[in-house]
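Novice: Residue numbers (this note's numbering), protein chains in the order written: chain A, 1 to 508; chain B, 1 to 366; chain C, 1 to 306.
In silico DSSO-like cross-links for lysine-lysine, where the CA-CA straight-line distance does not exceed 30 Å: (1) A:388 to A:451; (2) C:234 to B:251; (3) A:424 to A:451; (4) B:251 to C:296; (5) A:451 to A:249; (6) A:201 to A:189.
Partial pick of chain A residues on the chain B-facing surface, computed with a CB cut under 8 Å: (7) 330; (8) 332; (9) 350; (10) 351; (11) 377.
Selected chain C positions facing chain A (Cβ under 7 Å, derived; list incomplete): (12) 160; (13) 161; (14) 165; (15) 169; (16) 172; (17) 173; (18) 175; (19) 179; (20) 180; (21) 181; (22) 182.
Rather than coming from a laboratory, the hints here were simulated on the basis of the structure. Values in this document were obtained by computation on a predicted structure and should not be read as measured data. Just so you know, even glycine gets a beta-carbon here, dropped at the ideal spot from N, CA and C.
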Amino acid sequence: MTAAPAIELRGIDKRFGSVHAVRGVSLVIEKGAITGIVGENGAGKSTLMSILYGLYRTDGGEILVEGESAPMDSPRDAIARGIGMVHQHFMLVDTFTVLENLVLGAEGGPLLAGGLAAARAELLRLSREYGLTVDPDARVADLSVGEQQRVEILKVLFRGARILILDEPSAVLTPQETDQLFRILATLKERGVSVVLITHKLREIMAATDCVYVMRQGQVVAERRTADTNPEELAELMVGRKVRLELDKAAPQRGEVRLEVEHLSLVDFRGVRLLDDIDLQLRAGEIVGIAGVSGNGQTELLQVLAGIRAPTSGRFTVCGRTVDAAHAIDPGEMRDLGLAHVPEDRHRQGMVAAFRASETSILGYHDEPPFSHNYILSNPVVGAHCAKLMEQFDVRPRLPGLLSGNFSGGNQQKLVLAREMARKPKVLLVGQPTRGVDIGAIEFIHRELVKSRDAGCAVLVVSVELDEILSLADRILVMFAGRIVGEVEQGLADERTLGLMMTGAKAA
Amino acid sequence: MRALRRPLPPWADIVLLPVINVALAFLTVGVLVALIGVNPLHALKLLIGGAIGSSESIGYTLYYTTNFIFTGLAVAVAFHAGLFNIGGEGQAYIGGLGCGLAVLALDRYLPGWILIPLAIAAAALFGAAWAAVPAWMQAWRGSHVVITTIMFNFVASALMVYLMVNVLIAPGSMTPQSRNFGPAGKIPSMHDALHTIGINVAPSALNLSILLAILCCVGVWVFLWHTPWGYALRTMGHNPEAAVYAGTNLKSMTMLAMCLSGGLAGFVGVNELMGVHQRIVLDFPAGYGFAGIAVALMGRSHPFGIVLAALLFGALQQGGAELAFEIPSMTREMVVVIQGLVILFSGALAHLPRPWLQSLLALRSS
Amino acid sequence: MDEAFSFVFLMVAATLRVATPLVLCAMGGLFSEKSGIIDVGLEGKMLMAAFFGAATASVSGSAWVGVAAAIVAAEALALLHGFACITWRGNQVVSGVAINIIAAGLTVVLGNAWFARGGQTPALVGDQRLMSLFFPTAGDNAIVYLALLSVPATWWIIERTRFGLRLRAVGEMPLAVDAAGISVTWLRYRAVLLCGLLAGLAGAYLSVAQGAGFGRDMTAGQGFIALAAIIFGKWRPFPAFGACLMFGLLDAIAIRLQGVKVSGIGEVPVQLILALPYLLTMFLLAGFIGRAVAPKAAGIPYEKER
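Could you put together the complete structure from these sequences and hints?
Specialist: Rendered as structure tokens:
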């Protein structure tokens, strides 16, 4: 290693209102190495990198690039210092071609013609050198997610960046694409590029990095050579104590079939097959977990089963009612049948941030008694109902009048869960039960789901967290590319086989 | 600009901020008046005198208020559904056509107590129908109501000119207006109505339509906050995906919200034509539809706030007319400027005083 | 033959005369909307410009000073729009509506206070007005040619320059522009100012070139027709220009047809023809004539927590 590291952060601090997102973080990014930053969702990784890239202004501390103090007021400063970032959500203009996206911000003069020609040549060179093939004239909207990520990396290289930050790059990729990405990163490293990899997936840290920083609650809690550590240690450092993966639960007492899905398919308006010939059965008294990399059809499966989208072909039967393309159903009727649905994204679907907690506590049940009587909504009844739910599910603070958006993520999720469980549903669909939820609430939520199973409810859980599926589910289905590619009983499942199935590499 | 996100105490958010916004608008007008060479305080005195100085002027103030309540509620209902209805002007126009046609067709056959409710329903129906087309286009064809309602204002205006000039014009009339309504089509004026119960007030344009306006306020309040449909409508306005999740059909809810909105706007025709003009005339909406945006923004889309805002705008309308009469260099359009400024400060620049207010409150609490 | 030629010439001239403010406004609006700032305030900007143009021309005695004043007036409102929508992230439609209403009121208030003619400005004579350059009967003043020039210029700027590329990007995905180290705020302000410039010229055209003075409400919805033309042209300069010409032609025909009985149909209601631009745009928006897709980020304030 040369004298000065690529980047040094000293005592970086950042607050958003009352949230102390980053607390006095100091770390060093070595030149020509791949540095991992690992931590749970909300640990401050992305915020830290956004500060480094000039997207957020720091409240305190200092950034040094190659030994020089480098204040980052905007991404312009970061780019000028040779820092490039591939964001979790791509910063690409859909309607532009690859080439146009490439030159945006580095056009090389007030007129486009010359800059575009030069960029085309440079793009070809970079493609060859790093094995990043992509058609310069393709519209970005027409590219696959993996290709779009390649464009992002090319953008960074095109600007001559020597330091590359990747924020959760594998979140949207298939395992094969992820492997390919890691090969590209290795090539970049060989050419002397310093890479920062932000992720919450330990497997990736172990596979790709040279050294790793662990973040928890806005602080760096450990620094390790990757060769000197192991996933168990990192996991413990991430959550701050031994992870309890095992959940105390009895063997399932399976009852009748409550949900039967047969040859279910969903094709979107562009003809993309989102769900492909799905078959599954869900019985009373069991929890079935659906594992898979995000974006393999789980979201759509939940939407169809909840009545939000109609299937293109095939059918499913919930508590005696059969739904297919010709006999669509709406979510309200689904509820009447005894199906409850905790949506994957509570902010977008499960609640209304601007509503009071009491109003959120009847979302979907607002036109039913006792809340609604003779077409009049009774606010006292709603308030009392909410107070009861808050008590049962330990939602804090216990203020039905507080706006839903002002609760913490965990408490919001508990409120949504409480609402959906209040009617003792026959079938419960749960998407990402603990996304963005603190550790304490995770255990609580898991226990409630098991309790509801033991009371005879048929529970279908979709989660991208394999640990969660492993500890919660009695039976595990694996989804890949809109299909169910495997089914494993709990106890027979291990992370490795499931991982392989999730990549589509192995079918059971 | 982090300050934008930091919350204010609820009382400051609900009361103080809107008041400051409106105050900023009036301050700007004050400067403008001074620039024209009129003492703003003198103008204000004349304006207040003109608006509430006599029982006649109070009558006129309340008559204008009636229109502002209707259009303010119309905009507010759409706002709650996340829709921006700029078509109040056209919906009011066509609503007027509706009640006018009903009266012209039936005033010789039906007594007032049947005809008037019928004509009121016709106004709502026509106003709703005029809003239904943009609503349908947004719900099923994906084009935004903002643009289509603007377009429909012009179409309404062209349609009305055509009808008045070619079809509905009273035989032998030189001006494009219909024949006079028969007595059955007249909504009693307030001074007549009060006279029958022994109270004497000066004659004005104020008529019993204001009771309909108050009824609408209560109705909108009950509907939005005390019925499951109102709940679903507000859910759609805040978070359409959550509304779908909750089982609401966004298409029919969009139709419902816009039709309610258009129907409310259509009642302007009731107040104007059946209450005052006693015939169909051109251009009676006179900007009330656009002013409704100011009323709704200032009243924070709540019926109670809308009544307050409508009273203010009614007083401005009436006081402004008196003012223009007293000071020739002032015109009634000053009131239009005020409406525009209220929309600007209470709507587009609503957050302008926020950081300042925050530091002020922080200063006090520390 | 000669008669036919002169008829066509007159129709073309009439169409261009009517279309000129539409074209200028549409090109202005295009810059704004491409950058992601919806502008329903074109009407108000144009009206304000028309008033200040005529007022200044009448006081200064020079038409071009009037044009300059018109542009300054429109730019003032453009800056207000930018201040509300870009700096304060207010609702763009609300801001546009406010600007329209303020302009409608203020022009009459100021006109009455300054000239005491019920909101009108004194009639402009001689050098206070822009005159035809080549064909005295056609009304082909300098602004008509500027409007014709504005179309290829707009196309070239949007399609062929760095500014244009960034403009298109910021209207689709402002985050990408920000992440590329380009200021979203400054880009959008420039777009809004370009819009003000062109709307100002359009207003000046109405009161100091085509007309001879300002009359209340003299824009009469042309700002909205320009908006319709932008939609009709699917946010592209040349098709939008075509829409303006079509709307201009409709207007010219409406004037010709006033009171004329067409054989077989009877009298065509002028109001129908006047409403046609709006009805056609509605048809387009309803998806009956292809699809119009607005810039994706149009109407959404760019929020960034720092």
